[in-house]
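Construct the complete structure from the given sequences, taking the supplied hints into account.
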Amino acid sequence: MINVVTQAKLWYWQRLSAMVLALCVVSHLAMIVYASRGGLTAAEILARTRGNAPFAAFYSVFVAACAIHVPIGLKSIAVEWLRWRERSASIAAAIIALALLVMGFRAVYAIFV
Amino acid sequence: MNEPLYAAIWRGKTNGSFSTYEVPRHESQTVLDVVTYVQRHLDPTLAYRFACRVGMCGSCAMSVNGTPRWTCRTHVAKVVRGNTVRIAPLAHLPIIRDLVTDMREFFDKWTRAKGDFVGTRTRRDDFARVAPNSPERTAADAGVECIGCGVCYAACDVVGWRADFLGPAALNRAWTLVNDARDVGGRIRLRAVAGDAGCHACHTQGSCTQWCPKQLAPTAAIAGLKRATAKAAVRGEL
Ligand code: SF4
Ligand code: SF4
Ligand code: FES
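If you read the sequences in order, they're chains A and B.
End of the first sequence = 364 in the numbering used here, gap-free, step of one.
End of the second sequence = 820 in the numbering used here, gap-free, step of one.
Hints were generated in silico from the structure; no laboratory data involved.
This structure is a prediction, so every number in the text was calculated from the model and none was measured.
Glycine is no exception: its CB is placed at the ideal position from the N, C-alpha and C atoms.
Any given hint could turn out to be false.
[As the list claims (entries may be wrong)] Beta-carbon label-pair distances, calculated as ranges:
| no. | chain 1 | residue 1 | chain 2 | residue 2 | range |
| --- | --- | --- | --- | --- | --- |
| 1 | B | 718 | A | 296 | 48 to 54 Å |
| 2 | A | 354 | B | 599 | 53 to 59 Å |
| 3 | A | 356 | B | 805 | 40 to 46 Å |
| 4 | A | 274 | B | 816 | 19 to 25 Å |
Here it is as C-alpha cells:
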C-alpha cells in the first residue's frame, strides 16, 4: 500500500487534471465541429496549425492533463478490479504516463512545425 | 388487511437458511412488529436485536427484501412484495445467529477513524462559543444525528469488497469532528481517514446516502474529507 499522503496528493492531481480536461475536451469538440463545417483537408489543417503558438499551447496542456489523469485512474482500477499489487500497478501507470506524454507531444510537434 | 403475511426470516449462522412464518397483518405494522410476533408466538428461539422501537437507538437494522433498513420505522406496507417480506441480518457483518450480527468491526472502525472527540478545555473553563450558522457548524450539524445503525455500512459495496475500508458511518463521524471548532485531533484524524482504507476508496455512488434512515449524507462527508486531506497533503500538513 502506498502511503496516505501520496494517495491524497494523487487524488488532488486527478481532481485538478479532471477540471482541466473538462475544459479541454469541450473546447476540442467545439473546435472540431466548427472547423469541419464545410469539409476539411489535411493540408488545410496544417495551414492553420503550423506556427500557431496558442494552438500548440492549448494541446500541450491537454496532453499534460491526459498524462496525469489517465494513469492515476488506471492504477486504481488495476488495484481494485484486477487485484494488482500497488507496486506493479504504479509501475504500469508510470509507463502509460510516459507513453501518453511522448505520443501526445509528438503529435503537437508534428502539427506545429 | 385480512390476508396473511409471509415472513421469510434468516435462521442460523452464515450457512443458515430462510424459514417462512405466517403472520397476521395489521395496519401500520412495522417489520420489527413482524419479527417480534414470530418470536413471541411462533418460535421463541428466534434471535434479533432492538431497544427503543422509535428510531433512536440504531439497534434494529436488518436487511429487508435485500435492502438495509431500520425495522422499527419501516412499515410492512412500504416494503412488502406480493404478501412476502424477506428479513435477513445486515450485510457485511459476521452473523452471530439469526438476525443478530456482530457489530464489533463496524464500531472498531470508528475508533480507527479517530471518531473520538479530543478537547482541551476542562470543567473549570467557560463553554466554547460556536456560531450556529458558521460553515463548520453547519457541516458538523449535517452529520451529527447518526444513530450508529449500520445501514450505510451494509449498503456500501466498497465495504463488501475491501475488508479494511472504514466505511461511511465512521468517515461521517470523522467529518463532523474535523468541523468541530473545539476539537484538536485534526491532523492525526486526517491521516487516519486518508488513503485506500479511508475516504479515497469511496466511489461516491451514494448508496449510503440513499439508505441512511436519518437522511444523512455520508457521501458528502467523505467528499469533504477528500478535499480536506488533499489540501493538507499539498501543504505538507498531512
Ligand atoms: S458513497 Fe462511498 S461510502 Fe457511500 S456507499 Fe458509496 S462507496 Fe460506500
Ligand atoms: S450514517 Fe445513517 S445509516 Fe449510517 S450508521 Fe449513521 S444513521 Fe445509520
Ligand atoms: S429499535 Fe431503536 S432504532 Fe429501531
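| Cβ-Cβ distance between residue 718/B and residue 296/A: within 48 to 54 Å? | Holds, since residue 718/B and residue 296/A (Cβ atoms, about 53 Å apart) stay within the stated range.
| Using the C-beta atoms of residue 274/A and residue 816/B, is the stated range 19 to 25 Å upheld? | Given range 19 to 25 Å: holds, Cβ gap about 21 Å.
| field | Range agreement (Cβ of residue 805/B with Cβ of residue 356/A, hint 40 to 46 Å) | value | Violated - the Cβ-Cβ distance for residue 356/A and residue 805/B, about 34 Å, lies outside 40 to 46 Å.
| message | The hint says 53 to 59 Å between residue 354/A and residue 599/B; measuring C-beta to C-beta, is that right? | response | Between residue 354/A and residue 599/B, where Cβ atoms are some 56 Å apart, the hint holds.
Violation of the numbered hints given earlier is confined to hint 3; every other hint is satisfied by the structure.
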